[in-house]
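> What follows is the residue order along each chain.
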Amino acid sequence: MKYLITVIAILISSWIYAQTTISGVVFNSKKEPVVGANVYLEGTYDGSTTNEYGAFSFNTNETNTQTLVVSYLSYETFTMLGDVSYMKDLKIKLREDVNTLDAVVLSAGTFQAGDNSKVNVLKPLDVVTTASALGDFVGALQTLPGTTTVAEDGRLFVRGGDANETQIFIDGIRVFTPYYPTTNNTPTRGRYSPFLFDGITFSTGGYSAEFGQALSSVLLLNTIDEPDQEKTDIGIMSVGATLGNTQKWKNSSLSVNTSYINLAPYNAVFPNRNDWIKPFETVSGESVFRKKTNLGLVKLYGAFDSTNFEIMQEDINNMDGLYFKLKNKNLYFNGSYQGVLNDNWSIQGGFSYTHAKNKFNVGDIVIGDTENSIHTKLKFKNRINNRFKLYLGTEYFATDFKENFNDLTIVNETYGYNNNLLAVFAEADIFISKNLAFKTGVRGEYSALLKQFTLAPRVSLAYKTSEKSQVSLAYGNFYQNPSSNVLKFSQDLNAQSTSHYIFNYQYNADRKLFRAEAYYKKYSDLVKYSDEFPDFNSAFNNDGSGYATGIDFFWRDSKSIKNLDYWISYSFLDTERDYRNYPEKARPNFANPHNLSVVGKYWINDWRSQVGFSYAFASGRTYTNPNEAGFLNYKTKSHNSLSINWAYLISPQKILYASVNNVLGFRNINGYQYANSPDINGNFNRRALKPAADQFFFVGFFWTISEDKKSNQLDNL
Amino acid sequence: MKHLIIITTLLFTGFINAQTNYEKGMQKAFELWGSNNSIEAANLFERIASAETDNWLPAYYAAQINIISSFGEKDEEKLSAQLKKAQDLINDATSISKENPEIMVLQALLYTAWVAFDGANYGMTLSPKVVEIYAKAEMLAPENPRVVYCKAEWNMGSARYFGQDITPYCKDLERAVELFTNFKPETPFHPKWGKERATQISESCGK
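Sequences listed follow chains F and V, in order. Residue numbers for the first sequence, in numbering that gives the first Met the number 0: 0 to 716. Residue numbers for the second sequence, in numbering that gives the first Met the number 0: 0 to 206.
No wet-lab data here; the hints were simulated from the structure. Incorrect hints may have been included.
[Claimed, not checked] When the alpha-carbon atoms are kept at most 30 Å apart in a straight line, the in silico BS3-like pairs for lysine-lysine are as follows:
#: 1; chain 1: V; residue 1: K135; chain 2: F; residue 2: K290
#: 2; chain 1: F; residue 1: K92; chain 2: V; residue 2: K27
#: 3; chain 1: V; residue 1: K27; chain 2: F; residue 2: K291
#: 4; chain 1: V; residue 1: K83; chain 2: F; residue 2: K433
#: 5; chain 1: F; residue 1: K433; chain 2: F; residue 2: K92
[To be verified] Partner residues are not named here, just some residues of chain V that face chain F (Cβ under 10 Å, in silico):
#: 6; residue: K23
#: 7; residue: E39
#: 8; residue: K77
#: 9; residue: E101
#: 10; residue: I200
Fair warning: this is a prediction, and the values are worked out from it, not measured in the lab. Cβ coordinates follow ideal geometry from the N, Cα and C atoms, glycine included.
Please construct the entire structure, taking both the sequences and the accompanying hints into account.
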């Protein structure tokens, strides 16, 4: 009896410790063994590492149903639920993780700048280190292919589209008035400081269904999620001064930037072609507040600026020049939230409010206008798995625009419009494999102003042709309401539309990137009107149309030559359109066929300096010579500009920066203004439209003060 | 009585077994690591981490192995996969033990691996992050030898880059070596690495 009990006890204990052997082999989709994979029962110590044949075997005391996990770098983790006694001679296939670096990227039409994206064309820092850009993010993007050089304007003209066809978004929320106002012969700048953004996505066509009301292009700016440290930034420049401060708390942070620009001293030293009564002066301030919550991130962004100047501008019809005065106040507020709802769903929402007030005096005419706009957006993302992601969203735009007009005969004429628009969109990202992916979506919009519903499908696909190259195709329909200068006089119109067809090839290897992108763009329902500048008496219709086709090339190499980083962009554009008051189809004056841009940066370690240059070439632009028959019948000579810059690190926290735009002093001509009436010989006289100054010199000293004294002005380089 | 003893013994054996699984596992993992089987060691640490969901140490070591093997890695794809894995493990460890200076040091080392891989590209963006992490870790644990030593080594690197004097950091290193001598880890498995290298750099410092 005693023995029996002992035997039973031993049997029981050995039954308790009875071991099961789990074994099998792990291979990938190419049937190659995966070496070094971690195989184990979840929540236990029992497991093993696969050997050189991909085989594994281990013992376990666990019984019944367990989860077997197989994980390895760059593969999706495999899990299997089952009874351990059946886990023998398993054949396990690991799928490649589509989120790895070498997976295919849905990239047709887009340029990414950021640290996280897989294919970076620009780095955020390029905005401040590109010689010709002068710290303006728009200026840096103009060195990319697909843009055309319109030197006197400064805004983004993309693939035969005019500047109104590009929309700018901050944290996914629309910016209604992104540019500073300026005079006729001086390019504008983007209002927002490049230091507040860490990601820039510039799409020159075929973009996601999330974005609408843009015929040609969208520019997406993302503010920094979390600043690195507390600091104060001081900048003293030849044209003004800037002051910034960042404070951090446990879960939140606040960054404030202010700047004051006054061109009076600069104009006194370097006279220009304008006769200033009151030189350009602007005061601006912006701030970002960020707060992390348990499941998300709240960002509040606010910017205010006030600009004024007064000037006598050269004019062919006016011996004394044309008087022009401007006062502008602009307030922008943007709040956004992104967060996680549960394992699969995440949410993103936001709101923006713009208040813009302008007062112009042009000769005897006084115009005052006020724009109040809001945009709200709500977007859900469902990550069903790594290979299938679904996006759903809705957004609402409202603009209230009012203008007041006075001249010698008209007194206090007021007019305007309300533009309310509701949109819904749905989109899916589908990764068939690491080599093939689709994005497909649709966007519906209803405009209360135009009483019109539009439906815009978008599709793109990308296929990896080799380890380092891929091809992409994209197609999409895009709608945009007529611009403010039309809507304020007539609302009995339809949305304008384009279709994009894009083919893209990309080669990306070891800090060398080559892209070629061919496109065809068809415009329809463009707005036409009967006068040069639309007014109450103009007749409007939607009968305009046009096309744009071309090919863009981009090459960037940061590798071949030590410390040298350079890129080359070339765009060929063929476009004609019949819109506005055009009597026939013609190439618009903002669209030139050839644009070339070369940017280089060289780091000299011994001098702790970065020297850079930027060269831009643009072929001639069209203008109408009324002395000859025809419309837009002549072309200007081509545009050339070479800019150089030098940044010197005095110490880790102090930097000295100097740049010269158009260092060789090319005499560029942007077009011609002809007299309204002919002279006694029946000849229309003309005046060349030249930039306010051929060259621009800039010197600045920037100083970062932070507590640990180790922070780097390199960030600003 | 006999039965009781047998049963008690058996139960007790089982009990002991359950108790020491963690210690056995950790010991085994350190042995594997010591005998250059770092992949298997990392895998074992990961398995322990999956079983011990309230202990940050196994995830910490699994992350550390991935980070250490990234230094000197030339293949960007492999490096990025390893560091992504390490980041996930650091995130796991951090969610178990918040505001932990040891984990912060590891996070700083992860960024340093990127900077070491490609200074021109990652130096500008990640350096301020590293500086901030060390500043925070030092505030939490001014006497932690690894915080003092790793911070000093990082500072020496950037001072060399700017052609500045590195001697102020030699003092920090000397202090780190002193702190190492007096350092007592909380358990045998808590981090205690770094003394050798700190001593080595400290001895050659400024010479």
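> Now tell me, hint by hint, if it's right for this structure.
Status of each hint after checking the structure:
1. K135(V) with K290(F): holds (19 Å)
2. K92(F) with K27(V): holds (29 Å)
3. K27(V) with K291(F): violated (40 Å)
4. K83(V) with K433(F): The given pair, whose Cα atoms are some 18 Å apart, holds under the 30 Å limit.
5. K433(F) with K92(F): Judged against 30 Å, a Cα distance of about 15 Å means the pair holds.
6. K23: Hint holds; K23(V) Cβ to chain F Cβ min 8 Å, cut 10 Å.
7. E39: With Cβ-Cβ at 5 Å, under 10 Å, it holds.
8. K77: holds (8 Å)
9. E101: violated (20 Å)
10. I200: violated (19 Å)
Consistency with the previously given hints fails for numbers 3, 9, 10, ordered from lowest to highest.
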